[in-house]
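Here are the chains, one letter per residue:
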Amino acid sequence: MSLLRVENLRTYFDTRAGVMKAVDGVDLEVREGRTLGIVGESGSGKSVTALSIMRLIEKPGRILPDSHIFFEGNDLAAIPERELESLRGNRISMVFQEPMTSLNPVYTVGDQIIEAIRLHRRVSVQQARDRAVELLRLVGIPSPERRVDAFPHQMSGGMRQRVMIAMALACEPKLLIADEPTTALDVTIQAQILELLRQLRDELSMAVVLITHDLGVVAEMCDDVAVMYAGQVVERGPVESIFSDPQHPYTEALLRSIPLLGMTKAEPLTVIPGMVPSALHWPTGCRFVARCKNALDRCHREPPPLARSGSGYAACWLRESIPEGSQHGAAHR
Amino acid sequence: MADPSTVMEGLATAGLGTEPAVPLPNTDAARSRLRWNVPLVVGLAIVILSTFLAFAAPWLSAHDPLEIADASLSAPSSLYLLGTDQLGRDVLARILYATRTSLSVACLSAALAFVSGTLIGLVAGYASGLVDAFMMRLLDILQAFPALLLAIALVAALGPNLPNLVLTMGVLFTPRFARVARASTLSVRERDYVVAAIGLGVSPIRIMFRHVLPNIAAPLIIEASLTATLAILTEASLSFLGLGVQPPEPTWGGMIAQSTAVMSIAPWLAISPGLAVVFVVVGFNLVGDGLRDAMDPRS
Amino acid sequence: MLQYAARRIALLIPVLIGVSMVSFTIIHLIPGDIVAVLAGPMVASDSEIAQNIRQSLHLDQPLPVQYGLWLMGVLHGDFGNSLTMGLPVGPQIAQHLPVTLALTFMSLTFAVAIGLPSGVIAATTSGRWPDTVIRLFALLGLSTPAFFLGVAAVLLLSLYLPSFKTHATVELHADLFGGLKALLLPAFVLSLAAAATVTRYTRASMLEVLREPYMATARAKGAGRVRVLVRHGLRNALLPVVTAVGVTAAQLIAGAVVVEQVFGLPGVGQLMLNAIYHRDYTQVQATVLVVTTLVVLINIAVDLSYYLLDPRIQRHG
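Residue numbers (this note's numbering), protein chains in the order written: chain A, 1 to 333; chain B, 1 to 299; chain C, 1 to 317.
Among these hints, one or two may not hold up.
What the hints assert, rightly or not - Using C-beta positions, here's what the derived DEER-type ranges look like:
1) A/GLY216 to C/MET1: 47 to 53 Å
2) C/VAL226 to B/MET295: 31 to 37 Å
3) B/VAL38 to C/VAL226: 30 to 36 Å
4) C/VAL226 to A/ILE79: 15 to 21 Å
5) A/GLN154 to B/ASP293: 36 to 42 Å
6) A/SER124 to B/GLU190: 52 to 58 Å
7) C/PHE177 to B/ALA133: 46 to 52 Å
8) B/ASN215 to C/VAL226: 40 to 46 Å
9) C/LEU136 to A/PRO142: 51 to 57 Å
10) C/LEU156 to B/ALA133: 49 to 55 Å
11) C/ARG8 to B/ILE205: 35 to 41 Å
12) C/LEU156 to B/SER187: 45 to 51 Å
Claimed, not checked - Here are a few chain C residues that face chain A, going by a calculated C-beta distance under 10 Å:
13) TYR214
14) GLY222
15) ARG231
16) ARG235
17) ASN236
18) LEU239
Claimed, not checked - Just a sample of chain C residues kept apart from chain B, beta carbon distances all over 10 Å, derived:
19) ALA50
20) GLN61
21) PRO62
22) LEU97
23) LEU176
24) VAL242
Calculated from the structure, these hints are not laboratory results. From a predicted model like this one, the values you see are computed outputs, not experimental measurements. All C-beta atoms in this analysis are idealised placements derived from N, C-alpha and C, irrespective of residue type, glycine included.
Chain A with its partners taken away, still in its complex shape (with noise of 0.2 Å):
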C-alpha cells in the first residue's frame, strides 16, 4: 500500500530572469515501511522535491495548483498550513544535510527535542525530557542524561546529526525525508549514521525517503529508486532491477561514473560529457537530449512520458516498448 504518492509536482521560482521550472512534473511513490532513493545531480531538483513533500518552499517559490502529494489521505499540497503543521515533525519527519546548522545554537538539544516533542503531544516538560534521554539513548548518544543539556557546539558533526535524527523521531513519524543527510560528514562517520537509520526504519518499521548522489548508499539502503534529472524523474523502479537493468541513457551514465562491488578493470569509469540544461529554458523535448550519445530526431522535439520500462518506468524514447505519438506530451502535462 502506498504511503506516500506524488503526482505531477511542480515547484517554480519567480525570478527577475524568468520562471525557474525547479520541480517540473514529478511522480513518486513511497510504500508503507519501504525506502525511496531519490538520486540526481545538483541542480536536478531533488531537494527541492523533498522541501515540497513537506510544503517548505517559501516565497518566490511555489509549488503549481495541479500538484498532489497525497499521504495518509491527505493532500498535503491542498490542506491549510495549520493541519499541516500538526502533520510536520509527527507522521513526516526530515532530516537536512548540514548537522553544523541545523540545530538552533541558542537551545540546548534537550530543549529542542523537547520543543518537537510537545508541539504534538499534551506531555509535560518532565515527560518529554525522559523521552528526549530515550531518544538520545535510541541514536547513540552516549550518555545521554548528560548530553541532552549540551548546546549544538558541544556537539561533534556526526552527534549533530544524531541529535537531528533523534528530534525528527520524536513522535515517531510514518515516513522519515533525509535530504543528503551524511553529506556534510566524515566518510566512517557517514557509514555510521547511515547504519543507524537503517536500523531505525526497521525497528520503528518506518517509510524513508533518502536524498543523495551516491548511487553506493541507494545500493546499500534503499528498495526502490527514483532517478531525477533536469527537475523530473527519468526512471524508477526497484533498486535491483535499476542497477542490473538501467533503462534510461542518464541512469546508464551515472551508473557508469561510479565505482561499484565487483567491477573490473575492463570497465573503466566514465564522466558525463556536457552540463545540465538551465531550469529557466529547458529544452523542448527530452532534457538529456544534448548529453545522450543515441539521440534519435524525435528526442529533439517532443518529451518523453515515463512509461512502463523493463520491471519499473523511464522516460525514454529510445525504449521501443512505447509507440510513435502515444501519451503525447505525457510527461508534460
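Using the hints, position chains B and C against chain A.
Coordinates of chains B and C only, in the frame set by chain A:
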C-alpha cells in the same frame, strides 16, 4: 519578481545549504550589479545640490543674511520666500549661508578624522603587537565618552568658533576611521601581494601607502559619508546649544534655538532650518547606505 | 560567569583612568590664563578670588600632581567646588542625575519597543512595501536631530493640542509618577533616532537569521510561523541587537543633554550647560566624568547580558 540571488536565499532558508539547487545564468548576476543603485543616486544628487547651494549662496539669495529689514517676523511671501526672523533678516538667505557653515564643518572634520584615523589604523594594523594594543586602548578611551557630551565640554573650553569645532569633531571621529582602517589592514596584510612585497624588502611605509591603502579605501569612504552625517548633526546640536559658530553668523541649530521664543507666532522660523538639516543628512546617509550596498557582495 | 565578569571589569580600569585624564584635561584646554578666564576679566590676578581658584585647582603644583590630587578627591566622592557658587559639585550632579537617567532609560525602552518589531517586520517583508516604508522611516529617524523633533513636537502640540503641557515641572523625588509622566514626550522625542538604529540592526540581523538552516528545521518540526520567527529567529537575531542597544545608550545619554534643554528639564544637561554659561568648569569636568563612567558601566552590563544570551561565548570564556 525576485532576482535569482533572493531565490537562492529562499532555498537556503528552506534548508538547502549553500549550493544553488538549480544552476543560475551568469548574465543575470551581472545585470543586477549594473542595476541603478537608487539610494546612491538620490543621495549623491542631494549632496551635490546642497554643496552647490552652499557655494552659490551669495548669488542665489536675494538678501544679505545679516541685513536687517524693516519687516521683522514676516510670513513667507514672494519677497521673502521663507519669511524673516525677529530682526527682519531673510530666512532663506540665512539657511543658505548656514549650509556653508554646516558643510564646511562636516567636511573638514570628517577629512581630519579620515586622515588621522587612517594613519593610526594603518600603523596599528601594520605594526600589530604592542603598538597596536596601545593605540587601540587610547581609542577605547576616546570612544568611551558619549561623543556629543565631550564635544560640548571641549568646544566650551576651547571657545566656540569654526576651527575649534573642526578640531574637536575631527578628534572625536578619529577612532571610527582608525578601527575601520585597522581591521581592513589586518586582512589585507595577509594577502599574497603584500606578503610578496615584504619578502622583496619593500619599505613598510611604501607597502602601507602603495599596497595596503588602495585596498582599504572602500570601507573608509563609506565611513566618511556616515561620519559626515554625524558631524552635521553634532554641529547642529552644538549651535542649537549656543556652542556653534557664533552669531550673527547664521547656523541651522542657532536659527532653531532663536525661533523657540516666537514659535507660536512664527512657526516657519523653526521648521525650515530643521528641514534643511534633515534634507542634507538624509543625502549623506543615502550615499553611505548606497555605497555599502554596492560594495557588499551579499546584497 | 563571575570569572568572566571579573575579567571584563578588570579591563575597564585602564579605560576609566583614561577617561578621568581626559576629563581632567578639559579645564586645561582653556586658552590663555585659566584663572583670568574662570574668574572673569574684572578680577585682578592677585585678588582673593583668583587665589582661591588657584588653590582649589592646585594650579601652583605641577600638572601630574594636580591630576593626582584631583583623582584622589574624586575617588573619595569629592569632585571639587563650584567656581561660581563655591558649593561642592558632587551633590549637584546627584540631584540632577535621576531626571537624565529616567529620560535615558525611558527612551531606551521606547527605542526597543519600536525598533524591535519594526526590524522584524521589515526583515520578514524584505523587498516589499512594509519593508520600504519602515526603512524610509528609519532613514528619517537617523537623519533628524532630536532637538528639532522636540521643537517641532512642542510647536505642533501648542498649535493643535493647547491643553497638553509640554513644559511640566519634573520633581522625581516629590512626585515620581507625575515626573515620569512629564518625561514621556521628551523620552519619545529622544527615542526616535535610537529606534531607527535598533530597527536597522534588527532588520539586518534578522535577515541573516532567516537564512539559517535551523529555521527550516523548526518549521519541519511542525512549529508555526510566528513561533519560528520569535522563538528561533528573534532569539538569535537579538544577539547583535544587544550590541546596538549598548551603543544607543551612550547616544541617548548625550542626546538627553540637548533634549533637556528643549523641554526645560532639570537634568545633568541643564546643569552642565548652565555651568558652561557661567564658566564653571569644575562642574563641567565632573559632569563629563560621571556621565561617561555611567556609560562605561552600561556597556559592561550590555556585555554581560550578551554573555547570558549566547551560550557559545560561555564555553570560550
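Hints, one by one, checked against the model:
In this structure the hint that A/GLY216 and C/MET1 lie 47 to 53 Å apart at CB holds, the actual value being about 49 Å. Take C/VAL226 and B/MET295: their Cβ atoms lie about 35 Å apart, and the range 31 to 37 Å holds. As the Cβ distance of B/VAL38 to C/VAL226 is approximately 32 Å, the hint placing it in 30 to 36 Å holds. Between C/VAL226 and A/ILE79 the CB atoms are about 19 Å apart, so this pair conforms to the stated range of 15 to 21 Å.
Between A/GLN154 and B/ASP293 the beta carbons are some 37 Å apart, a value that agrees with the proposed interval 36 to 42 Å. The hinted window of 52 to 58 Å between A/SER124 and B/GLU190 holds, with their beta carbons roughly 54 Å apart. A hinted range of 46 to 52 Å holds for the C-beta pair C/PHE177 and B/ALA133, which are about 49 Å apart. Checked against the hint of 40 to 46 Å, the pair B/ASN215 and C/VAL226 passes, with Cβ atoms roughly 45 Å apart.
The hinted window of 51 to 57 Å between C/LEU136 and A/PRO142 holds, with their beta carbons roughly 55 Å apart. In this structure the supplied range 49 to 55 Å holds for C/LEU156 paired with B/ALA133, their Cβ-Cβ distance being about 51 Å. Between C/ARG8 and B/ILE205 the C-beta distance comes to about 37 Å, which sits within the given range of 35 to 41 Å. About 49 Å separates the C-beta atoms of C/LEU156 and B/SER187, a value consistent with the hinted range of 45 to 51 Å.
Checking C/TYR214 against chain A by beta carbon gives a least distance of about 4 Å; that is within 10 Å, so the hint holds. For C/GLY222, the interface hint holds, the least distance from its beta-carbon to any beta-carbon of chain A being 4 Å, beneath 10 Å. With a least beta-carbon distance of about 8 Å to chain A, the hint placing C/ARG231 at the interface is held under the 10 Å criterion. Checking C/ARG235 against chain A: minimum C-beta separation of about 6 Å stays under 10 Å; hint holds.
Satisfaction of the interface hint for C/ASN236 is found here, the shortest Cβ-Cβ separation to chain A being roughly 6 Å, below the 10 Å cut-off. Below 10 Å, beta-carbon pairs count as interface contacts, and C/LEU239 has one with chain A at about 8 Å; its hint therefore holds. The Cβ of C/ALA50 sits about 19 Å from the closest Cβ of chain B, beyond the 10 Å cut-off, so the non-interface label holds. Against the 10 Å criterion, C/GLN61 stays outside the reach of chain B, whose nearest CB is about 20 Å from its own CB.
With a closest Cβ-Cβ approach of about 21 Å to chain B, C/PRO62 is found to remain outside the 10 Å limit, as its non-interface label requires. Separation of C/LEU97 from chain B is adequate, the least Cβ-Cβ distance of about 13 Å exceeding the 10 Å criterion. With a minimum CB-CB distance of about 26 Å to chain B, C/LEU176 clears the 10 Å threshold, and the non-interface call stands. At roughly 18 Å from the closest C-beta of chain B, the C-beta of C/VAL242 stays outside 10 Å, upholding its exclusion from the interface.
Going down the numbered hints, you'll see the structure goes against none, and every one checks out.
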